[in-house]
Structures are given as structure tokens and as C-alpha cells.
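Since the structure of chain A is already known, use the hints to place chains B, C, D and E with the ligands on it.
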Amino acid sequence: MLVQKKATPFLLGYRLYVVAFFIFLAAPLISAGAFAFNDSLFPALPWQGFTLDWFFGDTEPKLGMFHDRRLLQGLYYSFVIAIFVSALSVFVGTTNAFLFVRGEFPGKNFFYIMMVVPLVIPGVILGISILVLASDTANYVENRFDLELEFLRPGILLVVVGQFSFIATITSLVITARLKKFDETMEEAAFNLGASRARVLRTITLPFLRPAMIAAGIVAFLVSFENFNTTLFLVGSEAPLTITMYDRMAKVGSTPVLNAVSFFLMVGSGLLALLSILIQRDRSGQ
Amino acid sequence: MTDNPSYDLECLDVSKNFGSIRAVKDVSFDIPSGSFFSILGPSGCGKTTLMRMIAGFEDPSGGDIRIKGKSVLGTPPNKRNVKMVFQHLALFPMMNVYENIAYGLRCNGVGNAEIKRKVHDVLERIALPDVAEREIHQLSGGQKQRIAIARCMVLDPDVLLLDEPLGALDLKLREAMKIELKLLQHQFNTTFVYITHDQSEALVMSDNVAIMNQGEFEQIGTPQELYHHPSTAFVASFVGDSNRWSGVVKSSDSTGGKVETEQGLPMSFSSAGEKTMQEGSRVNIFVRPEFIRTVRAGGGDLQDAAGENRMDGIVDSLLFNGANSRVLVRTGSGELVESDVTLTGENDLKPGEDVHLVWSSKQSMCFADQGKA
Amino acid sequence: MTDNPSYDLECLDVSKNFGSIRAVKDVSFDIPSGSFFSILGPSGCGKTTLMRMIAGFEDPSGGDIRIKGKSVLGTPPNKRNVKMVFQHLALFPMMNVYENIAYGLRCNGVGNAEIKRKVHDVLERIALPDVAEREIHQLSGGQKQRIAIARCMVLDPDVLLLDEPLGALDLKLREAMKIELKLLQHQFNTTFVYITHDQSEALVMSDNVAIMNQGEFEQIGTPQELYHHPSTAFVASFVGDSNRWSGVVKSSDSTGGKVETEQGLPMSFSSAGEKTMQEGSRVNIFVRPEFIRTVRAGGGDLQDAAGENRMDGIVDSLLFNGANSRVLVRTGSGELVESDVTLTGENDLKPGEDVHLVWSSKQSMCFADQGKA
Amino acid sequence: ETLRLLTWGSYAPDELIEKFEAEYPDIDVEVTFSNNEEMIAKLRATGGAGFDLAQPSHDRIYAAQLEYDIYKPLDLSKIDTSVMEAKLLDGVKENTTIEGEVYAVPHQWGTSGLMADKTKAPDLKSWADLCNPAYEGKTSMRLKRTILLGTAFSMGEDPFAAYSDLDKYQGILDKVAEKLIECKGNIKAYWKGGDDLSAMMLSGEIVGSETWDSTAYKLFDQNKNIVFVPPKEGALAWIDTFALPRKAKADDAAYKWINFVLRPENVTLMSASTGAIAAVKGGQDLLPEDKKAAVNAAFTAEDIDNLKFFANIPPGVEDMEGKTLEKIKAATGG
Amino acid sequence: MMQNKDIKRLSLYLLFAPFALWIILLVILPHIGMVVLSLKEKIAPRVYEYSFANYLEFLNEPIYWNTLLRTGSMSLLVTALALLIGFPIAYYIAKIAGPRSRGGLFLLCLIPLWVSDLIRAFGWILLLRETGVISNFLLWTGLIGEPVEFLYNDVAVIVGLTYTVILFMIVPLVSTLDGMDNAMIEAGYNLGGSGFTVLRRIIIPYAMPGIVAGCIVTFMLTAGSYLTPILLGGKNSSWFTEQIYNQFITRFNWEGGAAFGMLLLFFTSLVIWLGLKLSGQTLANTVAKS
Ligand SMILES: Nc1ncnc2c1ncn2[C@@H]1O[C@H](COP(=O)(O)OP(=O)(O)OP(=O)(O)O)[C@@H](O)[C@H]1O
Ligand SMILES: Nc1ncnc2c1ncn2[C@@H]1O[C@H](COP(=O)(O)OP(=O)(O)OP(=O)(O)O)[C@@H](O)[C@H]1O
Ligand SMILES: NCCCCN
Ligand SMILES: [Mg+2]
Ligand SMILES: [Mg+2]
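Residue numbers (my numbering), protein chains in the order written: chain A, 22 to 307; chain B, 287 to 659; chain C, 287 to 659; chain D, 84 to 417; chain E, 447 to 736.
Chain A on its own, in the form it takes in the complex (with noise of 0.2 Å):
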């Protein structure tokens, strides 16, 4: 039965199907957080034993990432950069939720699509595009004007930008589908009770918006932290961790110390879930 809990043969299976679905997702980032521990150059078999090396290890060869500088700014700038993404972007989702749920305009249904969009532009795309006319923009006004736009260059700008242009959908949706569960009375009976418009929003409006614009904030943290695809194109010289990890295991040779830091964020991003969802969990209870 497609409800039941009744324990038939078939719910066993589908509880070991369940089961070995979850322990596929889990695979592969077991077996990269597990090299991490691996006292071997090479993350691979046969196990040599246990170390922590590649965390704290201040040596060559074995430079755990705390000491490894370059992986270090890897993940400052990727710190960075997802601050400011998702800062913007809760920004931009906030605004955007107010425009299409409250805002009255033609061609809002188009618009609104408008807004999905990005979301299913390939990353690549996103990234080149932007990186064109960006770059077209800063010869033209160089050619035209002498004048050297610094910022229209690869760089941390144009990495925010081009993980903004699609992560601000995403941020766009969760504040919007929480804007329209809002009952709009309650800023009624405010103004009722006496508060002017912008104490009503601050006190009213944005607190029932703010799970939504945390989880949002954090949704688009690790997206922002894990994107390739659209950074790949638009980073300068100051490259995201996932492009200093790329790099290093194309072009340098990958060693454990790649396993650690992966483990390392896979703590990292666990407890922001782990956040995000006591967040959820204070929302429910309201």
C-alpha cells in the first residue's frame, strides 16, 4: 500500500531501497573525507594508517591545509565572495518578493518567468556571457576613453556579480513562497494599532520574512561556496577555494590535503544546515 505502514515484504524492500539511496549519496563524500586521514601522498589506497597531517601538518610534503597559505586564501576569498553574494541576493530576493507578490503591473506573469530563468541558463553560459560583455564594455570605454575600468575585468566583483545573476532566483523563490503564505491583515492591524509604515515593516513584515531570509542566505552561502561553473570564466587573480582545488589537482598533483579540506567542508556546510534547519524549526513553531 502507498500509505501504509503495515510491515508487507514490499515496505521492507522499500526501506532498503530507501537505505541504499542514502548510502549512495553518502558514498563519495565518505571515501573523499576518509583519504583525508590517510598517512599516504596520494589519495588513494591501500590505507597506510592514520594521521592528521593533512590538517595541522606543517611540512612539506605533508603541508596540512591550516598551514597551506593558498588553500587558506582559496577559502577566504570564497568566504568573501559568498558574504556578498548572499547578502545581495537576499537582497534582491527580499525586493523581488515584494514586487511580485504585492506589486500590481502589466506583464507581471512574464517578468515573473523572467525571474526563474537564470536559474535554468546553464552556469557555463552565465559565466561566458557576462564575462563578454564585461569585457567588450571595459576594451570599448578603453579604446574610446583611455580609461581602464578595472572592476569590468575578471576578478572578485565579476564573480559575485555572475553567482548573484542565479543564485538571486533561488533567494527570489524562498522569500517569495514565504511573502505569499504572509496574511496581510497583520500589517493592517499594525497600522491599526498606530505604527507607521516603516515601523510596521520593521517590526512586522521583515521578523515573518526573516526564517525565510536566513535559510535563503544560507541556501545561497553554499551555493556561492560550491560553484565552478559560472566562477571558472570570471575569476581574476583571486581565485575561490573550488578553483584553487581544481587548479591544484590539475595542474599540481592532488595530495590529501584535498580530502581535508573537503572534509573540512563538509563539517562546515553540515553545521550551516544544521542551522538553518533549527531556523526552520523556530518558523514551524510560530
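Every clue listed holds true.
Cross-link-like lysine to any residue pairs, in silico, SDA-like; alpha carbons within 25 Å at most: (1) D:K161 - D:E113; (2) C:K354 - C:N394; (3) B:K468 - B:D444; (4) A:K202 - A:I134; (5) D:K332 - A:E171; (6) D:K410 - E:L515; (7) E:K454 - B:F343; (8) B:K464 - C:D484; (9) B:K468 - B:H406; (10) D:K410 - D:A211; (11) E:K454 - A:P127; (12) D:K364 - D:S160; (13) D:K170 - D:A146; (14) B:K458 - C:E450; (15) B:K468 - C:L614; (16) E:K541 - C:E450; (17) A:K202 - C:G427; (18) D:K375 - D:N389.
Since the hints were derived computationally from the structure, they do not count as laboratory data.
Below, chains B, C, D and E with the ligands alone, put in the same frame as chain A:
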């Protein structure tokens, strides 16, 4: 500025158009201080629109609204001293009870100590002294209701507006809250304007009720007036249950008259006001089920029954509903007449029995036929 | 296999545990063919659980369920000829009305021509012949209701289960649907099992009603039996309104007895069944408001009132509610007694008047105190 | 200020950067790893901005500069060219002089050739041996221009000579493509970076491959059976250079870095990381001991004489080669 | 209150501004730029002319459109696999798991999101390679006699891609199925439907918006993915994004790359348009809802 300053709320020819829809049409009324006023009408008749104009969420297309004698047309909603209890209450889920009640006071810049005092005071008055620290979702439906009222009352409004506040509650709770609301209004002695489409709510609680239909007020009066002396057929049919006959006036004077129904039965009525029905005009006769006595054909007490109107029939079915039981009688002309009966379980009427239906002409309400079905 | 094959549905000691929660406890009943049977009880008493076991969505922890005399314990839900109308109807939004009704027939492999005939047939019978091509969201609440019933009835079920099908409708519609449901049941002449927590629904429609409380059936009987001869205090208080007094039995025999209430007033009662109340035992007395007559203290008709019980008091307030008006009388000992009155608008009671309350000992229902508040 | 290097993986070991920063405390070094193609693509996108020092191979500068104008001329007076191996310096200068301005000086040089596990593939000697059915499923190559050139040589062609006649070059490419497509069945996988090559080789999943010598030397460290094999057609030699992007903003720091890494003590550190030979006088002697051993195990004197330096790529060739590579990749073989 | 209307209009403009800036500057203009660029033909160094040469090049070269078709068909396969594998999981989470384990299972589903594409691929490489965990495990169990290479082939690419995108299939499915009243399923049985009938006639039609939303996102992500097919793919596995990358990076042919980019966008949009037509859904009621 105004003729009578003892009215808390006055509406003068207020109307509201949404594009071509005339939601409210030239409504005028005034409510004396401290009274409980209800607006009763079917869904979509414009009740909420009228209330939102009073609260300031909509601008009237015409007319004037005065509170304590002063026109409030230019006053934004957050500056009107009219508070509102919303249908779904609109309590703020992100604040606890204390903060919900304190919200309006904070908006007015009241000091913290004063807020504390006032909030606890109002919680005492609604008999919920201990819930200040509760979250909203920890309250029962009836408690929420009272908090929503307290949140308004703590601001000492001139008028409290309530838009179907019991609509979301379940049956038993609704019954209980009806009486409670009335008590709270006594408590605070503030003018309540209460919107509902449930006649029993309006009748039980109000000092005065306005019956609204298609954007207009059909009648304003005390519950008894409306029930016993409706001035229009709409009021007669909307307030309370009725049996209805169409007919033609045979004879009439200022005290009443006689009608022949479409089925050919004679029926007498007393005139409701001073109006004299024109002979030969088409009319509708309304008779409430509780005023029709059903007596067994064989029984000898027919003489007792003071009633100029009489009809014979057969019991079709009994709708047993405890104290509100009803009998459906099929008359000779085939129509079904409803009449209230008390079924005690002993010697009750049974389907198939021959009965007489008897009622006084005083209880026959007669209205000119408006041409509507 | 079974003693009496004319029962459409029998439950024998059915029970259901969810972990340590005993949702249904040893419930037994049988429903004769073609009758309207209601299960009435407060929220959470186990009604839905019982119904889900009959439909086959839950397996009973014990007992047996028989349909047309055959145990269905091993039969999966899609093979039981018991159809169900769900609380929120569960019409399929991705199909139109025709497809919704045809669904069950298609599952049974009925041919297209036959399906067409049957669907139009059943739409005729529910008086909605023209809605076949409508989408579900284009129907009104009452229409949806009828489609949900038609969807089941087209399959000719042995038993139709209805789980609070009117719960989601608004007041007026609910009133209208009550009568309509009863008519539909007559139409189809199928056994209906109807779940509700609204006593008026159960009383008006049913041939028999079971009162359920905390997983158990407290009483099964006709609406009149339950209302007039409740066998437990729970039934007395759940079905209909009551005034209640606690007291101690002073004298009693098999026909009735006398009680002294906590306020010190004497009160007489007739015994409901053959049970004799033990002298000195604590009991609760229930009296329905409609059986208490309120008469003016000055009025001479007190002698008329055949009633062994009498109480004096002052009118506290009148709750005008048309035919269901009520008076609250504050008695000498300070408590409020409710009594039904008919307010005609002429010579009615007024607050402050001295009145006598009178009722017959036959109408005093007496139950041993269970120790519950 | 910041010195932003755009260079090869391992061309900026941490140890060296720390040393440099200690010497010039006001300079921060930031490194982006790249390869020839990406360096050009990046600088093209930035119009020569965003980096202060790039390190393309000597043959990849001329055409890119002509087409995209991404570098600026070097001020040779700021570089201590005297320490450089004259032959390499002259070679690079010759290849990268445009309108009388020099755009690059050499830094490290090395070769591309073959790598083999001596015990399992003792006979791997020619580019063509990668396609030897004896090693079916046990060889690898990188699908880039090196293997095109190597295969051309193994087929008796001289691709560098054909640069002047692009039609002829196209003819060679077509033949090479045909050969390599045929060879696909013999290949286990195309490697993409040093990493997957090392993993396959060390694990024994393959026994021979086209390779950079530096990768081979690193593996020699791990497994003495894995050696660099200069193909008998001659190993292809590259020289990685120093070049200044057109909008570099820290030229002084860049020159400081160039001079710094050319110092003998730093050369050893650098070579230890890169596995390649510094383009300074006696560069081979400045190799760390293990690398020296690996080089000695790999090269004889005549191998060195037989080196074929990559010739300057004229405009258009990269596109032709790119398309040939795509064709090979897309072909279904093996 | 005229003033009220003005405030409304003003706030509408203020809200529209960020949206317009975002969509125009970051989506529309860049794509117009791409179109313009793709219409340029390189004649000689630093000399360009407008023409359709880049598109003709694509049409005339079977390598390119073969790769595009291959990318498209493999993406469809991955989408179908993700749906087949993901639907039962989503159903389990939404309908069968208890309310308490539901949140936990949903969280578990999000685990792959915790790390980047790169690390996921990296993990698969460690598992699948000839000397990797799976091969060794099978050797140890004796199921195989010598190491087997699981990496560097299309199956590895499909496994890796399915793994990467399945989450985006499950999330919208769970949310639509969650919104489905259990009574609907029970009604399906009650009226005589078998498990299969209920699935086919009730659950799937009901979940259709979620299915379509999941398929669109999954398909687009797959077709646009870069790292996974590159890192896990073998010598015959080419992917269209790799082709685009090569045009830009290896061949410095931005014009061709732009044309390829537009072609990929056009092709995937076409597939999605077809899918929407066939399923009778719209973009607004599927992707936008999830
Ligand atoms: N903003 C609006 N725009 C257009 N028409 C409106 C608007 N608000 C209300 N109406 C229309 O005005 C009429 C009155 O609506 P209103 O909400 O006041 O009715 P109501 O009496 O409160 O009904 P209910 O009992 O259902 O709440 C309806 O016909 C409604 O459709
Ligand atoms: N699946 C379940 N697991 C655990 N407890 C359950 C489950 N289903 C019902 N219960 C418990 O069984 C009791 C009876 O529930 P049921 O739904 O039958 O009540 P009900 O009479 O239908 O109430 P209502 O009128 O509110 O619908 C309740 O206490 C409920 O919490
Ligand atoms: N130019 C080739 C450099 C190789 C780096 N390992
Ligand atoms: Mg309303
Ligand atoms: Mg229930």
C-alpha cells in the same frame, strides 16, 4: 461642527465604488456611546468594505465618517482612534502575548513602566492574567480572541470594530464566545461595531442591529424590532426562519387585512406599521415556525389556540433536534409548512398523523411583492 | 457464519491501539440495511480511527468487522465494497467531474458506454445533470459535496462512510446540506455511517446515533432516546444543553426520588431506567432549558404548571435569539439557570423581574457522580 | 603592494614565496595556477590586466601578442640577464621580439617525452609506441598539441618546418589525427593534469605515457622503475618564460621576483618544486640531488643534442590544432 | 488620499529597480552580447566581419552537433534516471516516513549539496578507479578476479551526473507530494483502485508540476555541467560545455564559443519547451512553484 456629540461614530451617506461595482451605497447611521452595534448581512453585501472605510483602509467614494463628532476623512489609519479585531485576528506570531498587547502602546511612545502596568491591567480585565509570556500558538482559540480584543482595548479606542471575529471558531466555542463578547463590551463600556452574517450572533449580543443588503442598509433597530417587525421582506427572510406564501390582498385597513394565497387559502394579517396594503396588490406573507402551533386533528384543544389562521395537513416528517425540533406538515395544497414543536419522547407527533396548523394574524407579516422571486 | 445477514455492517469488539494510545476500545454495533447511522463524539474520541478500520486503511488491534455478514479483516481497502466520503472530500483536482465519478468504474473495468450511462444517471439523481465537464475548482462547496457522494454511490456500495463531510462548509450551507444528505440517503437507500461532532447534524439526520467518548461507545439509540433518556451523564451533557446541579440522594425508589443539591435545594427526579439510586450517594441532576418554564412571580398561572420542581429567582438577562431565545435567571443561591422562552416582543420578561422556575420531575435526569468534575 | 603571479602549478613554491616576502616585506605574493592556453585566455579577457607577471612558454607569446596585445615589453636593464644560459636567452629573445621590443626572458626549461615503467614496458622508445598493441589499455597521453607534434615526428614529418605553409601543416595534422584516432583503442584514458597521470602510473593502471619530464621525475622519487624516456625522435623542449602583462601594476616587484628566483640558492628550491631545469648557467648542476639523479637516469648527452625546441606558433595554428584535437576526442574508437 | 497612490507607485518603482537592473544587466544584455559576438567572423588577427560563419561551422562539422546531440541525449537519460530513482525516495519522505524522520531524511538528501561538484567528482574518482575502493572491495569479496576500471567511461559520467542532480529532482517532488492530501490516495484505493492505478491515475498526475519542475532543473543542470563529465569521462566522452570551453580557452575562438553557447541555450530551451508542451504544463506553474 456636529449636531450631537454623544455619538461615537456617525456615517453620513457613505458610499464606495470599486470600478463599476458599487460595494456600499449611501449608508447613514450613528451609534451612541457605549453601545453594541451589529451589521448583519449576507456574504458580499459590503460589510467589510464599510468597516475598512471606518478604519481608514479604504477611502469612501462619497459621504462623511465622523468619530466623536470629527470627520476623519483625511486621517490615515494609524492616526484614527478606531481599533479593529480582524476576522482571523491577525495576532503577531513573532511576538508573545505581552508584546502583542504592548505593540500599540509602543507605537504611541508610551513608557515601559506604563506599558507594563497597562498590559497587566487589560489582561486582568479579560480574565487571562497569566498568559503574558505565552507565545501566540500556545493559546486556545477563545484565548486568542480575547487577546485580540485586549490588544485594541489597551489603547482606549473610541470605537472597536469587529469583523466576523467568531467566523474561524468551532461551533461550541462560538456559542460560548457570543456571551463572552457581550460581557467584555459591558466591561470596557466602549462602542462595539460588530460585523457578521450569522443572525444569531447579531441578535444575541447587540443593542442595535443594521441589516445590510447589496450595499444598502435595509433596517436598523433592536433585535426584537427586526425579528418581530421587519420592515422589508428581505429582513423578514434573512432574520429568523419563515414560512412564506405569495398572495393577493382581498381586503385591508390600517390594522390589517385578508389575503388569498396562490393556493387559494384565505389568510389574515395585522399591519406592521401604519401602512395600508392596497387591495388587489400582490404580497408575500411570512410566518415564523415557532408561532405556528401544530395540534392533533382529534385533539380537543383547538379552541384554546387563539388564532385567526388555520390550515389542515398531514405530518410529513419530524426533524428531531432536541429543543429546536421541527415538524414538516404537508398541507392540502401540497406545500410543506414548517412548525416548531417540542418533542419530549412521549406522546409525540408521528409522520402520517392528521394535524391542524394554527397561528394568530398578529404573527403574519405581510409585505408588498417586489417582483423578485 | 453470521447470525443475522440483514445487517450491512457489524463491528464486534473492535479495538485499535497506536502504541500505548488506545484510540478505539472494544466497540460493538450493527447497522441494519438501509439505515442512517451516526457516530457522534468530541474531537479525538476515535471516530475517524474507527471509520478507517471499516474502510480498511487501518487494521484493528482486535475484534472483527463484517460487511453483509462476511468478515473483511483480510480484505484490502480497494476490495471492500465500503465507500467513503472524506472530510475534505478528496476529489481529484486533476480530473473533471465526469472523470472523478468514472474513476471507480474504470478501476472495476466497466466499459466506456456503461460508464457514461452510469455517470449521467448518478448526476441526474444528485440533481446536477450539467456539471459533467466542469473542473472541480469550478464547483461550489455544496456541489462538491454532492459530487463526492455521487462518486461513491455510482459504485453501489454496501455501506457509505462519511467523515464529518460538512465540517468545511459555512453555516448556511451546512444547514441546507443536512436536509439534503438525509434526502440523498432516502434516494439511494444505502446504509450511511456518518461521523460528526456536531450534535444537531447527528440528531436531525440519523435513524440511530452512537455516542462515542474516549474510544468507547457510551450509548446507541434513536436521537429521541439519546436526548430524552441518556444513559450516562456524558451523553446527557454532550447531547443538547443542560442545567446541572450536584447533590446527594435523600430518598429514592424504582420510579424516582429526591435529591438535595449542594446549594441546599430539594429537587425530585424520575428514574430513567429501572436503576434505583442509592440513598446518600452523590449524583448529578441535568435539566434541559426548554423543559424549565419561567413564570412571572405575580402571574396566576403557576398552578397550571405541572411541575414538582420549583425555584425562585430574578431575571438576570435575556438572550434574544428569535425562536431560540433564552433567559438567564439568578436564583437565590446565586447560580445562573438557563431556560428557554419565546419572546414575542409584547409583554416579554425583563431583567430584574422576579420569576419562578418550574419543571417536572420527569425532566430531571439523574446520574451517579463518576467523580469527574 | 601585491605581486600577482600567473604561472604554472608548482612554479611558486610556498617556501620560496615566504623567503621572498621576508626579503621584501612590503610585497605580498598571490599566485594563480594556469597553463599556456588559460594564461592567454585570461589575459585576453582582462586585456592584460589583473596580473603582474605571467610565465607562458616561449612559443606561445608571439602570436598571442600580435593578436590580443596582452603583454608589454620588458625593460631588460632591470633583469640580471647575465646569469642566464645564453643559448636559451637568445632563443627566447629571438622568438619573442616584436618591433624590436623583447617580451620575454627564460626561466625554466624542460621537455615533454615519454614515461615508462621499465619493468613493464622496457621497449617504450618512440611516440608511436604508445599505440603499440602490446600495451593495449595501458598507455595514456594528454590530448594537447604536444602529442600532435610528437606523433608527427614519429611519422617522419617535421611539423615545425611546415608552420610556414599552413596547408601543408593541415595535411600533416590530418594524418596525425587519423593515426591517433586509430590509436584510441590502445589508450586507457587521456590524462588532463599531472595528478591523474601520476595516479594511473603509480597505481600501475598504465605502464607508459606521454608526459612532462618533471612529472616523471617526481614519480621516479616514489618508484625507481618509473623513468622519463626521451623519445627516439627527440624530446620536445619548452622554455617557460617571464613576461609582463600589458596592464601589470607591480613591475618593480615583478622584476624583483625574476631576479630573486634566478639566484642560485633559489634556483635549487624552485627546481625542487618544478622538476624542471632553470635557464641559468649550470642550471642542471643546481638541481636538487634526487632530480639530478632522475635527469641523469633519463638523458644521455645525445638525447640532449636531439632536443627539439618548440617553434614559435604563427597565428591560426592553435585553431587548426584545436580542431584536430576535438576531432580526435569526438571520434569513437576503442 | 492621492498621496497614498503616489507612495504606492513610488514603492513599485523602487522595488522594480533592483529586479530590472539584475535581469537587464546580468541576463539580457550579456546574452545579447553573446549573440552579437557569435555573429562575428574572424577574418584575420583583429579583423572581424558579421556573418553566420560560426553557426555554419557548427552545422558543417558533425563533431560538434554529434557532441551536442550526445550531451542532450545523455542529459535526458540522466533526467529520466534521476526521476526513476528519486521519485520513490521523494514519495517515501513525503508520505511514508513519520513526521519526525521526515526532516532528517530530507536533510540527508541535501548532503551532496554540502560540497562542491569538484569534491563530489573527486569522491567518485576515488571510488571508481581501477585501484579504487569499489574495485578493491569486489576483489576482496572475490566477486572479481582482477581489478576492474569503473572510471573513464560513460557509465561513470551518468552515475556522477545523476548523483549530482538527483537532489534537484527530489526537492520539488517532495514539496508537491507533501502538499497532496493523503485522503486523495486513500480515496483512490477506496474507490477500488489498485496500487498501480492509484500511482498512475492519481499520484503521478497530481505530482506532475513537481515532476516537470524537477525534470527541467535536472536537465538544464546536467546539460550545463562541466566538471563531472570532464573528470569522470573517458577518452570518448565529450560534452558540449567542454567544447565551448575549448573554443574559448584552447582555441581563443570567442566568436565560435559564443555561437556554441547560444546553440546550447537554444537547444536545451527547445527540449524544455517540448517537454512542457507534452506534459501540458507551463514554466510558471512548475519551476516557479518549487
Ligand atoms: N478591492 C476590491 N475590488 C473590487 N471589488 C471589491 C473589492 N473589495 C470588495 N469588493 C466587492 O465589494 C463587494 C462587497 O465586499 P465585502 O468584502 O465588503 O463583503 P462582505 O459583506 O464583507 O462579505 P463577507 O461576509 O463574505 O465577508 C463584493 O461584491 C466584493 O466582490
Ligand atoms: N496514526 C496515529 N498514531 C497515533 N495516534 C493516533 C493516530 N491516529 C489517531 N491517533 C490518536 O487516536 C485518537 C483518536 O483519533 P481520531 O482521529 O480517531 O479522532 P476523531 O474522533 O476522528 O477526532 P476529530 O473529531 O478531531 O476528527 C486521538 O487521540 C489521536 O491522537
Ligand atoms: N610548460 C610545462 C610546465 C609543466 C609543469 N609541470
Ligand atoms: Mg467580509
Ligand atoms: Mg476525525
